[in-house]
Amino acid sequence: MNEFLTLMKSELLVTAIIFLLLFIKIGKGIKNESLLSLVQALLLVNFIAGFFLNTTGNLFGDMFYTNPLIVFQKNILGLGVYLISLLCADWLKKSEHLPEFFMLLLSALLGMFLMISSGNLLIFYLSLELATIPVAAMANFDLNKKRSSEGAMKMILSSAFSSGILLFGISLLYGASGTISFAEIPAQLDNSPLQVLAFVFLFTAFAFKLSIVPFHLWTADVYEGSPIAVTAFLSVISKGSVAFIFMTTLYKVFQPMQEIWYNMLVMLAVATMVIGNLFALRQQNIKRFLAFSSIAQVGFILVGISSNDNMGITAVVYFILVYIFSNLAAFGVAAVISDQSGRENIDDYRGLYKTNPFLSWVLALALFSLAGIPPTAGFFGKLFLLTAGGSKASYWFITVAALNMVISLYYYLRVVRAVFMEKNEHPVENLKPGLPVKLGLIICAAGIVLIGLLSWIYDYIHSLS
Amino acid sequence: MMEPGLYHLLFISAALFFIGVYGFLTRRNLITMLMSIELILNSVNLNFIAFNKYLWPGKMDGLFFTLFIIAIAAAEAAVAIAIIINLYRSHQSIDVENAEELKY
Numbered sequence: 001m002n003e004f005l006t007l008m009k010s011e012l013l014v015t016a017i018i019f020l021l022l023f024i025k026i027g028k029g030i031k032n033e034s035l036l037s038l039v040q041a042l043l044l045v046n047f048i049a050g051f052f053l054n055t056t057g058n059l060f061g062d063m064f065y066t067n068p069l070i071v072f073q074k075n076i077l078g079l080g081v082y083l084i085s086l087l088c089a090d091w092l093k094k095s096e097h098l099p100e101f102f103m104l105l106l107s108a109l110l111g112m113f114l115m116i117s118s119g120n121l122l123i124f125y126l127s128l129e130l131a132t133i134p135v136a137a138m139a140n141f142d143l144n145k146k147r148s149s150e151g152a153m154k155m156i157l158s159s160a161f162s163s164g165i166l167l168f169g170i171s172l173l174y175g176a177s178g179t180i181s182f183a184e185i186p187a188q189l190d191n192s193p194l195q196v197l198a199f200v201f202l203f204t205a206f207a208f209k210l211s212i213v214p215f216h217l218w219t220a221d222v223y224e225g226s227p228i229a230v231t232a233f234l235s236v237i238s239k240g241s242v243a244f245i246f247m248t249t250l251y252k253v254f255q256p257m258q259e260i261w262y263n264m265l266v267m268l269a270v271a272t273m274v275i276g277n278l279f280a281l282r283q284q285n286i287k288r289f290l291a292f293s294s295i296a297q298v299g300f301i302l303v304g305i306s307s308n309d310n311m312g313i314t315a316v317v318y319f320i321l322v323y324i325f326s327n328l329a330a331f332g333v334a335a336v337i338s339d340q341s342g343r344e345n346i347d348d349y350r351g352l353y354k355t356n357p358f359l360s361w362v363l364a365l366a367l368f369s370l371a372g373i374p375p376t377a378g379f380f381g382k383l384f385l386l387t388a389g390g391s392k393a394s395y396w397f398i399t400v401a402a403l404n405m406v407i408s409l410y411y412y413l414r415v416v417r418a419v420f421m422e423k424n425e426h427p428v429e430n431l432k433p434g435l436p437v438k439l440g441l442i443i444c445a446a447g448i449v450l451i452g453l454l455s456w457i458y459d460y461i462h463s464l465s
Numbered sequence: 466m467m468e469p470g471l472y473h474l475l476f477i478s479a480a481l482f483f484i485g486v487y488g489f490l491t492r493r494n495l496i497t498m499l500m501s502i503e504l505i506l507n508s509v510n511l512n513f514i515a516f517n518k519y520l521w522p523g524k525m526d527g528l529f530f531t532l533f534i535i536a537i538a539a540a541e542a543a544v545a546i547a548i549i550i551n552l553y554r555s556h557q558s559i560d561v562e563n564a565e566e567l568k569y
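Top to bottom, those sequences are chains W and R. First residue of the first sequence: 1, per the working numbering; consecutive thereafter. First residue of the second sequence: 466, per the working numbering; consecutive thereafter.
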């Protein structure tokens with residue numbers, strides 16, 4: 001019993017918060033402001049609780065397993081959700097359905113926690129669905145907007161289709177190996193054609209969820225259509241959790257097929273970086289722009305994953321930690337501007353520095369970090385990813401990745417230039433974000449600067465992996 | 466009269482899967498696309514049952530998986546239909562060609 005409580009503490013806490021919200025909803029209900037502060041406090045408790053009582057162990061006959069690295073990954077995701085609840089506070093306060101929004105958000109988070117911990121394809125599938133279906137409902141949260149329902153429709157259809165492909169792969173794998181447990185599959189793998197086919201189906205489903213090119217087409221539409229809080233959640237938390245479990249699956253379960261997936265990863269990484277970057281060049285809407293930039297970032301994560309050793313695990317976890325801070329800072333600024341002035345085009349950002357210096361500096365810092373410019377943490381994240389990938393890959397692969405960083409500089413700096421240097425007759429007026437939003441932006445900015453400078457964070461992740 | 470074997474079942478399930486994929490890619494009506502996804506999921510169910518019966522009769526994983534897939538497919542269809550109803554309210558149509566605001 002004690003073991004059950006300590007091993008599943010993150011999941012149990014999130015479940016408790018969901019039930020609390022449910023009781024508040026069916027009870028009398030409380031004001032949005034107080035409910036929001038309550039949820040923020042509980043999420044903070046959940047994040048802090050992740051630092052205590054971390055042990056290794058498994059439950060339910062190997063279906064659920066956990067170790068300090070997995071708890072750390074869950075903590076990163078929990079921190080991301082806490083930051084989203086801060087950054088989008090202004091938008092959330094006005095929402096009529098705040099309890100429902102958090103119920104869906106936390107259900108998806110619970111699904112991600114279980115997914116990272118899963119030790120069995122059945123639990124993996126169930127938790128993947130738990131992590132996807134609520135997000136599709138959240139994408140439709142602006143019930144009256146045409147774009148929102150169109151984005152949600154694209155999201156639910158493509159995710160249902162990709163989970164169909166995933167299931168077909170799992171069924172073939174079950175037929176070829178006779179087991180669905182992660183621990184037992186590697187011994188059964190002998191690279192027979194049926195197993196390779198099953199693996200390709202599984203890989204495709206992962207590629208859909210991670211929006212790797214050529215399975216990325218749903219991403220930009222869903223990101224543009226959804227409310228900005230949901231877009232932030234999709235691009236950071238959802239993507240991070242799938243990247244974690246993708247890495248675990250490749251390293252632990254499909255280790256005997258290493259040669260096959262290594263080549264697939266290299267090709268897809270190059271395609272993802274190049275196409276993500278080229279499409280990001282021509283975007284006008286800030287959400288769409290961030291969508292394509294996140295596709296390009298996934299390409300870099302794939303470079304790290306291809307290394308297939310502890311250094312790769314460290315680099316990917318570190319990069320996702322940095323990525324959460326930098327991307328959420330960018331989305332936070334976009335959320336404030338879109339919420340208070342309704343503008344989402346990059347042209348509207350011209351001259352932002354004159355009226356909103358604080359927002360401009362945070363946005364510039366976030367974009368520098370995403371582009372990978374030295375003093376910020378994004379540079380170290382990219383550096384470790386390429387180093388990890390370079391330990392195994394040929395040099396042309398790393399050269400292509402490095403060249404892509406140069407291309408990405410162009411479009412990130414285009415936004416920075418618009419904000420600081422271009423003139424605009426009708427700039428965005430001086431906005432007054434609320435206190436939680438400011439706090440969130442300051443945490444993000446501090447994270448971007450400090451994570452790069454404090455080397456013990458990298459060492460700590462390395463000691464866990 | 467020949468007893469149906471593993472190959473017959475696998476052939477049917479593969480055929481169902483690809484009919485589902487074809488339907489998903491060519492149909493323009495959202496409800497029909499949802500039905501195509503159900504076809505895919507049912508082909509997976511058939512696969513699991515066939516493998517369980519003919520190849521791994523001692524291990525019941527396949528049977529359990531089928532039960533869970535049926536339940537999840539129902540949940541997914543419920544959310545999808547709710548979204549489609551909302552789409553119908555704003556677009557007055559459930560044809561995907563009419564939902565075309567988000568492009569490029």
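Take the hints with a grain of salt, since some may be wrong.
[Unchecked claim] In silico lysine-lysine, DSS-like type, Cα no more than 30 Å apart, as pairs:
id	chain 1	residue 1	chain 2	residue 2
1	W	Lys93	W	Lys146
2	W	Lys252	R	Lys568
3	W	Lys423	W	Lys354
4	W	Lys392	W	Lys252
5	R	Lys568	W	Lys94
6	W	Lys25	W	Lys145
7	W	Lys94	W	Lys438
8	W	Lys28	W	Lys93
9	W	Lys25	W	Lys438
10	W	Lys438	W	Lys145
11	W	Lys145	R	Lys524
12	W	Lys93	W	Lys25
13	W	Lys392	W	Lys354
14	R	Lys568	W	Lys146
15	W	Lys146	W	Lys25
16	W	Lys423	W	Lys93
17	R	Lys524	W	Lys252
18	R	Lys518	W	Lys423
[As the list claims (entries may be wrong)] Here are the computed distance ranges between Cβ atoms for each label pair:
id	chain 1	residue 1	chain 2	residue 2	range
19	R	Met500	W	Phe52	19 to 29 Å
20	W	Leu53	R	Ile484	21 to 31 Å
21	R	Leu528	W	Asp190	23 to 33 Å
22	W	Arg147	R	Ile496	31 to 41 Å
23	W	Ala16	R	Ile496	50 to 60 Å
24	R	Tyr553	W	Asn191	45 to 55 Å
25	W	Ser37	R	Ser555	41 to 51 Å
26	R	Thr491	W	Ser37	46 to 56 Å
27	R	Ile484	W	Asn191	23 to 33 Å
28	W	Leu450	R	Ile496	47 to 57 Å
29	R	Lys524	W	Asn345	38 to 48 Å
30	W	Val196	R	Ile535	26 to 36 Å
31	W	Met267	R	Phe476	23 to 33 Å
32	R	Ile535	W	Val200	21 to 31 Å
Because the hints were derived from the structure by calculation, they are not lab data. Just so you know, even glycine gets a beta-carbon here, dropped at the ideal spot from N, CA and C.
Hints, verified against the model:
{"no.": "1", "hint": "W/Lys93 <-> W/Lys146", "verdict": "holds (22 Å)"}
{"no.": "2", "hint": "W/Lys252 <-> R/Lys568", "verdict": "violated (39 Å)"}
{"no.": "3", "hint": "W/Lys423 <-> W/Lys354", "verdict": "holds (9 Å)"}
{"no.": "4", "hint": "W/Lys392 <-> W/Lys252", "verdict": "holds (18 Å)"}
{"no.": "5", "hint": "R/Lys568 <-> W/Lys94", "verdict": "holds (29 Å)"}
{"no.": "6", "hint": "W/Lys25 <-> W/Lys145", "verdict": "holds (25 Å)"}
{"no.": "7", "hint": "W/Lys94 <-> W/Lys438", "verdict": "holds (17 Å)"}
{"no.": "8", "hint": "W/Lys28 <-> W/Lys93", "verdict": "holds (18 Å)"}
{"no.": "9", "hint": "W/Lys25 <-> W/Lys438", "verdict": "holds (28 Å)"}
{"no.": "10", "hint": "W/Lys438 <-> W/Lys145", "verdict": "holds (28 Å)"}
{"no.": "11", "hint": "W/Lys145 <-> R/Lys524", "verdict": "violated (49 Å)"}
{"no.": "12", "hint": "W/Lys93 <-> W/Lys25", "verdict": "holds (16 Å)"}
{"no.": "13", "hint": "W/Lys392 <-> W/Lys354", "verdict": "violated (48 Å)"}
{"no.": "14", "hint": "R/Lys568 <-> W/Lys146", "verdict": "holds (14 Å)"}
{"no.": "15", "hint": "W/Lys146 <-> W/Lys25", "verdict": "holds (27 Å)"}
{"no.": "16", "hint": "W/Lys423 <-> W/Lys93", "verdict": "violated (33 Å)"}
{"no.": "17", "hint": "R/Lys524 <-> W/Lys252", "verdict": "holds (23 Å)"}
{"no.": "18", "hint": "R/Lys518 <-> W/Lys423", "verdict": "violated (72 Å)"}
{"no.": "19", "hint": "R/Met500 <-> W/Phe52: 19 to 29 Å", "verdict": "violated (49 Å)"}
{"no.": "20", "hint": "W/Leu53 <-> R/Ile484: 21 to 31 Å", "verdict": "violated (51 Å)"}
{"no.": "21", "hint": "R/Leu528 <-> W/Asp190: 23 to 33 Å", "verdict": "holds (25 Å)"}
{"no.": "22", "hint": "W/Arg147 <-> R/Ile496: 31 to 41 Å", "verdict": "violated (21 Å)"}
{"no.": "23", "hint": "W/Ala16 <-> R/Ile496: 50 to 60 Å", "verdict": "violated (38 Å)"}
{"no.": "24", "hint": "R/Tyr553 <-> W/Asn191: 45 to 55 Å", "verdict": "holds (48 Å)"}
{"no.": "25", "hint": "W/Ser37 <-> R/Ser555: 41 to 51 Å", "verdict": "violated (33 Å)"}
{"no.": "26", "hint": "R/Thr491 <-> W/Ser37: 46 to 56 Å", "verdict": "holds (51 Å)"}
{"no.": "27", "hint": "R/Ile484 <-> W/Asn191: 23 to 33 Å", "verdict": "holds (30 Å)"}
{"no.": "28", "hint": "W/Leu450 <-> R/Ile496: 47 to 57 Å", "verdict": "holds (52 Å)"}
{"no.": "29", "hint": "R/Lys524 <-> W/Asn345: 38 to 48 Å", "verdict": "violated (56 Å)"}
{"no.": "30", "hint": "W/Val196 <-> R/Ile535: 26 to 36 Å", "verdict": "holds (29 Å)"}
{"no.": "31", "hint": "W/Met267 <-> R/Phe476: 23 to 33 Å", "verdict": "holds (32 Å)"}
{"no.": "32", "hint": "R/Ile535 <-> W/Val200: 21 to 31 Å", "verdict": "holds (26 Å)"}
The structure shown violates the earlier hints numbered 2, 11, 13, 16, 18, 19, 20, 22, 23, 25 and 29.
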